[in-house]
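A.B. asks: Put chains B, C, D and E on the given structure of chain A with help from the hints.
Chains as they are written, first to last, in the numbering used here: chain A, 1 to 355; chain B, 1 to 355; chain C, 1 to 355; chain D, 1 to 355; chain E, 1 to 355.
Keep in mind the hints are simulated off the structure, nothing from the lab.
Heads up, the beta-carbon is just placed ideally off N, CA and C, and yes, glycines get one too.
Heads up, none of these hints are tricks.
Sample of chain E residues at the chain A side, in silico, Cβ under 7 Å:
{"#": "1", "residue": "Arg-157"}
{"#": "2", "residue": "Ile-162"}
{"#": "3", "residue": "Asp-179"}
{"#": "4", "residue": "Lys-264"}
{"#": "5", "residue": "Asp-274"}
{"#": "6", "residue": "Ser-278"}
{"#": "7", "residue": "Asn-292"}
{"#": "8", "residue": "Met-295"}
{"#": "9", "residue": "Thr-299"}
{"#": "10", "residue": "Ser-303"}
{"#": "11", "residue": "Ile-306"}
{"#": "12", "residue": "Pro-307"}
{"#": "13", "residue": "Phe-310"}
{"#": "14", "residue": "Gly-313"}
{"#": "15", "residue": "Asn-318"}
{"#": "16", "residue": "Lys-320"}
The calculated lysine-lysine pairs, modelled on DSS-like cross-linking and capped at a C-alpha distance of 27 Å, are:
{"#": "17", "chain 1": "C", "residue 1": "Lys-296", "chain 2": "B", "residue 2": "Lys-290"}
{"#": "18", "chain 1": "A", "residue 1": "Lys-350", "chain 2": "B", "residue 2": "Lys-296"}
{"#": "19", "chain 1": "B", "residue 1": "Lys-108", "chain 2": "A", "residue 2": "Lys-241"}
{"#": "20", "chain 1": "D", "residue 1": "Lys-241", "chain 2": "C", "residue 2": "Lys-264"}
{"#": "21", "chain 1": "B", "residue 1": "Lys-290", "chain 2": "A", "residue 2": "Lys-209"}
{"#": "22", "chain 1": "E", "residue 1": "Lys-252", "chain 2": "A", "residue 2": "Lys-102"}
{"#": "23", "chain 1": "C", "residue 1": "Lys-290", "chain 2": "B", "residue 2": "Lys-209"}
{"#": "24", "chain 1": "E", "residue 1": "Lys-209", "chain 2": "D", "residue 2": "Lys-290"}
{"#": "25", "chain 1": "D", "residue 1": "Lys-252", "chain 2": "E", "residue 2": "Lys-136"}
{"#": "26", "chain 1": "A", "residue 1": "Lys-296", "chain 2": "B", "residue 2": "Lys-209"}
{"#": "27", "chain 1": "D", "residue 1": "Lys-296", "chain 2": "E", "residue 2": "Lys-209"}
{"#": "28", "chain 1": "B", "residue 1": "Lys-88", "chain 2": "A", "residue 2": "Lys-264"}
{"#": "29", "chain 1": "D", "residue 1": "Lys-102", "chain 2": "C", "residue 2": "Lys-252"}
{"#": "30", "chain 1": "C", "residue 1": "Lys-167", "chain 2": "C", "residue 2": "Lys-58"}
{"#": "31", "chain 1": "C", "residue 1": "Lys-88", "chain 2": "B", "residue 2": "Lys-241"}
{"#": "32", "chain 1": "B", "residue 1": "Lys-320", "chain 2": "D", "residue 2": "Lys-320"}
{"#": "33", "chain 1": "E", "residue 1": "Lys-241", "chain 2": "D", "residue 2": "Lys-241"}
{"#": "34", "chain 1": "C", "residue 1": "Lys-296", "chain 2": "A", "residue 2": "Lys-290"}
{"#": "35", "chain 1": "C", "residue 1": "Lys-209", "chain 2": "A", "residue 2": "Lys-350"}
{"#": "36", "chain 1": "E", "residue 1": "Lys-108", "chain 2": "D", "residue 2": "Lys-252"}
{"#": "37", "chain 1": "A", "residue 1": "Lys-241", "chain 2": "E", "residue 2": "Lys-252"}
{"#": "38", "chain 1": "C", "residue 1": "Lys-290", "chain 2": "B", "residue 2": "Lys-353"}
{"#": "39", "chain 1": "C", "residue 1": "Lys-108", "chain 2": "C", "residue 2": "Lys-241"}
{"#": "40", "chain 1": "D", "residue 1": "Lys-353", "chain 2": "A", "residue 2": "Lys-214"}
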Amino acid sequence: MRRKKQKHKSKLGFPPGSLVFTGEQKMEQVDISVFNYSETFIQEFRPKSIDEVIQLIKNSSGVIWVNIDGLHEEKSIESLCTFLDIHKLTMEDIVNVSQRPKLEEYPKYVHSVIKDITYNVDLAYFEYEQLSFLLKENILITFQERSGDVFDGLRKRIREGIGFVRKRGADYLMYALLDMVVDNYFVILENFGEKLEDLETELLENPDKNSLTKLHNIRRETLGLRRTVYPLREMVAAFEKLDEPLFSDSNKVFTRDLYDHTIKVIETVEIYRDMTSSLLDLYINSVSNKMNEVMKVLTIMTSIFIPLSFIAGVYGMNFKNMPELDHKYGYYIVLGVMAVVFVGIILYLKRRKWL
Amino acid sequence: MRRKKQKHKSKLGFPPGSLVFTGEQKMEQVDISVFNYSETFIQEFRPKSIDEVIQLIKNSSGVIWVNIDGLHEEKSIESLCTFLDIHKLTMEDIVNVSQRPKLEEYPKYVHSVIKDITYNVDLAYFEYEQLSFLLKENILITFQERSGDVFDGLRKRIREGIGFVRKRGADYLMYALLDMVVDNYFVILENFGEKLEDLETELLENPDKNSLTKLHNIRRETLGLRRTVYPLREMVAAFEKLDEPLFSDSNKVFTRDLYDHTIKVIETVEIYRDMTSSLLDLYINSVSNKMNEVMKVLTIMTSIFIPLSFIAGVYGMNFKNMPELDHKYGYYIVLGVMAVVFVGIILYLKRRKWL
Amino acid sequence: MRRKKQKHKSKLGFPPGSLVFTGEQKMEQVDISVFNYSETFIQEFRPKSIDEVIQLIKNSSGVIWVNIDGLHEEKSIESLCTFLDIHKLTMEDIVNVSQRPKLEEYPKYVHSVIKDITYNVDLAYFEYEQLSFLLKENILITFQERSGDVFDGLRKRIREGIGFVRKRGADYLMYALLDMVVDNYFVILENFGEKLEDLETELLENPDKNSLTKLHNIRRETLGLRRTVYPLREMVAAFEKLDEPLFSDSNKVFTRDLYDHTIKVIETVEIYRDMTSSLLDLYINSVSNKMNEVMKVLTIMTSIFIPLSFIAGVYGMNFKNMPELDHKYGYYIVLGVMAVVFVGIILYLKRRKWL
Amino acid sequence: MRRKKQKHKSKLGFPPGSLVFTGEQKMEQVDISVFNYSETFIQEFRPKSIDEVIQLIKNSSGVIWVNIDGLHEEKSIESLCTFLDIHKLTMEDIVNVSQRPKLEEYPKYVHSVIKDITYNVDLAYFEYEQLSFLLKENILITFQERSGDVFDGLRKRIREGIGFVRKRGADYLMYALLDMVVDNYFVILENFGEKLEDLETELLENPDKNSLTKLHNIRRETLGLRRTVYPLREMVAAFEKLDEPLFSDSNKVFTRDLYDHTIKVIETVEIYRDMTSSLLDLYINSVSNKMNEVMKVLTIMTSIFIPLSFIAGVYGMNFKNMPELDHKYGYYIVLGVMAVVFVGIILYLKRRKWL
Amino acid sequence: MRRKKQKHKSKLGFPPGSLVFTGEQKMEQVDISVFNYSETFIQEFRPKSIDEVIQLIKNSSGVIWVNIDGLHEEKSIESLCTFLDIHKLTMEDIVNVSQRPKLEEYPKYVHSVIKDITYNVDLAYFEYEQLSFLLKENILITFQERSGDVFDGLRKRIREGIGFVRKRGADYLMYALLDMVVDNYFVILENFGEKLEDLETELLENPDKNSLTKLHNIRRETLGLRRTVYPLREMVAAFEKLDEPLFSDSNKVFTRDLYDHTIKVIETVEIYRDMTSSLLDLYINSVSNKMNEVMKVLTIMTSIFIPLSFIAGVYGMNFKNMPELDHKYGYYIVLGVMAVVFVGIILYLKRRKWL
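Extracted from the complex, chain A is given alone in its bound form (with noise of 0.2 Å):
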């Protein structure tokens, strides 16, 4: 929140269409790789400067796909884009991390956002990395904070010609990209489905103080959830969306099976938050049941030995005529009938269903 804050201050000033990066650096240098293939050849680059990946692009054939990990480097980001004759609200969105899930289609290319999350389990803290992508012809751009991804696999399969990735174009490769950062997003939900459970577990079974503290964070990482969750079905649906020739018609069936895929990311994070729900009414109900607990033992100690007490005041008395205190059996009397009380007392809350 406090981040944020400096982002937006520091943005205000500046006009529409200004490149300002507003996250922290998550990296000392910007890291760069290049892919160029088509079916029938693969090539690698590590280029050290944006001006090696515009050469790069000017020369290649077939697909290339330039990763760029790190966005602080305001002006290599503009060089890039200018010579893609991207627009400056893009180049905005590209290096401001605060942007919503989206996908644009401009004239002449497709510009998407979308988050990587990564769960921190120990804290039970979800982290959000803003993934950009630019799609122009045969040339993906992905933009990323900072580097390592879930992209490897995807990487492996260029290299070595498995499934459909060197077979398509560069749209394909973008929905690849994207199924891949949502198939992320299960693991991450189940992880933190387990949490859940586990925290269920310790409010059915010993729920404390500090089950309150996580329910509550919980709650809170649900709802940033839902926030970077929800825009992805609009998202997607654009995607489908999506025209020649930026968008293959022959690739369209997968865009369809993406979002199934994202639908069902949205619907498992509405029920986390049903659960939550849940568990926050279970919570409530354990802490009353205990609350009962006690206030019975409270009840039963007072309701058994304040009238015996009561009984041992009266025989306490200091009255000079108190015939009872000099009958011989005076005391054994009083304390029968203290045992008779007691008795009839526990009786009584034996049939309250107390003891």
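C.D. replies: Relative to the frame of chain A, chains B, C, D and E by itself:
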């Protein structure tokens, strides 16, 4: 939950369209049965292998229904699907048992997924089994996770030529099967509804700690049920929109009936959801009422005996000069005062309707 | 609930389009009445069998209205429907009394289902009876589960030629009957509303344990009511969309009126639902307030007497050397101190507004 | 509520289109006023009977506005409507005062119903009066349940020719009247809003038992208000869609303004609803906080004096052999021990922040 | 609230289209500034009167932006609007500061209303100022309630020719201003979000009575915020749909960006709303937990000392014949019994995890 995790983890590296069975294997051997029939003839087969099935399809006239129980032999399923010219993504969906209910139209065939629900009455737990349908001209292939289904009635009708099924095509057969699955939902829902009613009675009459756990489980199961049942509306609506030649217009009137049933299932689930939330309120209030009872007893006991004990305490003091103590009837007067206080407090409590 | 179970279980094996009566038989013998009328004549019949009815239909001119009370003779209903060329699925729906309210247009006839509601005021319980309408040119067939309905006013109007009914066709007759059913809903809703108001008064003035059960039952009945009433909107909308020749345009203005009434019924049910939830909050708060009262009394009694008893306890100690005990006015001084403490506590409680 | 019951019961037997006044008669005699005006002239009449009105309409040029206060003379209303060629169902709606706000377009006229709201500030109670509008070419008839309305400002503007009203037709007049009704809603809503604010202050500062009843009443009134206000959106939208010749295009811009106001009214009601639910939470928590205070005092008193009393009790025992009792400073030592215990408990309570 | 009342009361008698300023006057004198610019020149003026403004507009070439701070001089606003041929209702809306955000297209101009929000951090209170835009060809008039706005950055960009603003028309200028208002919302929302986080920390760590009031205020402010922010979606959507010649197509891409930001603002408000409701649950549970702690202490103290006091009470009785009293070690034995009881109760409480 834990199971699902393995599913998706194991799929994460695979390219789209890979056949990976994601469920747990529920039977040792795949079990295949084939019906081939028209209005005039009926044949049943028990092929041992997919090759036999393919042979049967090639030689068949009339409608052919292939039912495959067990999804763990991905190779056979792949070879059957390849023979029928089914898209890779469809194959993937057939063996991936965490699909949402859906119906997808491909240029030459229809693929539909639905869940068969079993209700474990004792544990108040739903089990879900994925059913896939492939409809192509006169061929219907059904895939199930394990043997045992709700279709025996239909099989009998096919064998004996009862009803419309022998007179119509594979499209009607698919409708009839879907209809049986949805009809079975009603049975499931009624069993579940009875469980709900039992719980309601329990909550109204004698709520205890277990009631809360039961209620929580019922809410949880209702969430799972909704997730399975809600997509049906969309699925059956897609079914209604199918066109010639895959779905003959003369069968349209039946899909409308199916849609009606689906809506009723969804409404019932929604009612159950409202009822569980109503039951939760009932429980909370019962607990609160019991607490009130406990508190009342405590307050009554305390209110009666604390003042009396005080009086006794006063005359238990050891002052030399306490004239009351020497008074001949002091003791009896004090007992009298105590009686008056006692009656006064009782009357006060009666007026407040606590007694 | 238990009843429904048998219904569906008994139907599970039957093919679609089987006539199986699913209700409990509410009358011994089917009761049939026939009105045949036009602007100029009116005839009433009490046919003993369906064959007679078919004969009457064949010979009729003008509008013919056949009302059948009792659905358990599936054979007769089937033969009548076959004579009228009604689809098997419609026949099935007529005798299956767990239909949602709906209106279905078939090429040559219209089939509509609606529920007649009776309110058992004493038990605060709704009873639902299924009414089916078959409209075909000048023929209207109505099916009811048992005798007794809200149509007597209309019968009188037909006999005496009051209002539009004799001047218009079977379509207007169907509208008039639906209108009477919906009008009757208002009466039902008002009775129910009074029950709600009584409960409200009870909750505001003197809530007790039964209030909770009453409230729970009212919520439950409201759920059932919503389920019956919500589909009406769609049904009446479908009614509005009926075309010539089944429904003459000059009657359109009436269906709009019916739609208006339907919306009002639905809104009223919705209001009742909000009111029950408001009543629940009222109840919870009443209980909570009562608890507060109880606690206050407990605290007041304890706060006053516990310190006083302690003082008495101190001077009840048996130490040899306790100079106060020998003081001449010791007793009176201690009584004075007790009085001061008593007044102090009272003042403190007054300041906190607990007294 | 009880009133409504009679309404519908009394209507149940009547055919559609019967004129039955369903309200309670709020004035002894029907009161009619007529304005006849154009840009150049203005005439006012006070006709004694409907016949006079009909005569006035026949002879009028320019715009004629007939306002009828009192709906219990169904005959006169029927004869006026018959003269204007109004549909039976419209007549029925005019005298049936439980209509939802609506606007219905008939081939030759428009009929609209809206509620005028009066707020009884002392009882925090809304009263609703039904207004009907009949717009036909240059004729506007308004029906009210009783005299007294919010239209005096408009009457003055007509008389004195202020604003657009004299320059435009009966359609503009109808808009101006509707606008005044909706504008009056704002006044009503502000008064109600102040009541809400007062209650909020009360709940924050000094909630008592009456607060709950007040809050409940406010929720109830908000429910009634919503029911009256929500259909306005649809009604005004229908008003916007009216076409020439009934509604001249040059007045369209005004209906958009009216629509805006309507949305604002609905939003305000919605805000009030959210506020009442927020107030309920506030109340519940206030009560809960007070309870906590009470419990704390109880616990503090008990925790302090129960151990002290126990000590006193020990030395009140009458054993022969209790060396402490004979010790010279025994009493003072025990008093000292009591003081130490007292201070210890106080410190403990302070550390727990209960003191 | 009280303020609004006067507003509407004072307007009630006026005909539609009357200019009545409904806010409180926030500045003594109307303050006008004018920018006249094109790509090649830039002029700034500080006209003293509306007549000067009209003169400037008449003589201007390029884009002219007139900003008017202060709405209480209705006459001047009317004369400016009349000069620009603005509809009466628009004039009314400009000076009536209780408008919902909206955008209305008139045949020759566009009128838009939006709220500028200021957040009073100390009082946790939002202040709303109404901004109106009139866009007509190359003229943009902005009306504000008082001086001070978020447009200084844009003014600088105009003066120095930074960004697109000098190169494009009045339509872009209007977009840029709206964009700044919406961008400012983010700053506001972040400040508010921090307040929420502070409150969350407070509730988790040390909730007190003030927390409730704070929480209530935050809910209230969130309600107000929603009301201001929700209509933006519709407004910006209307902005996107504007056509040539009022809004040039080349600026369309910017409105899409604005729409994106608007959605994000709305989502954030929605998240805050969910968070406040989550905080309320947290508070309720914290209070409940504290109560539980208090009850436990009470119960522990009572359970320990009440039985011990009873024992002491028994041996404080004054019976002649109580052999224990004469026993040499009677006292020590009883002290021993008390110790055993004490330890027993402690162990019991430990086992129940209360200690």
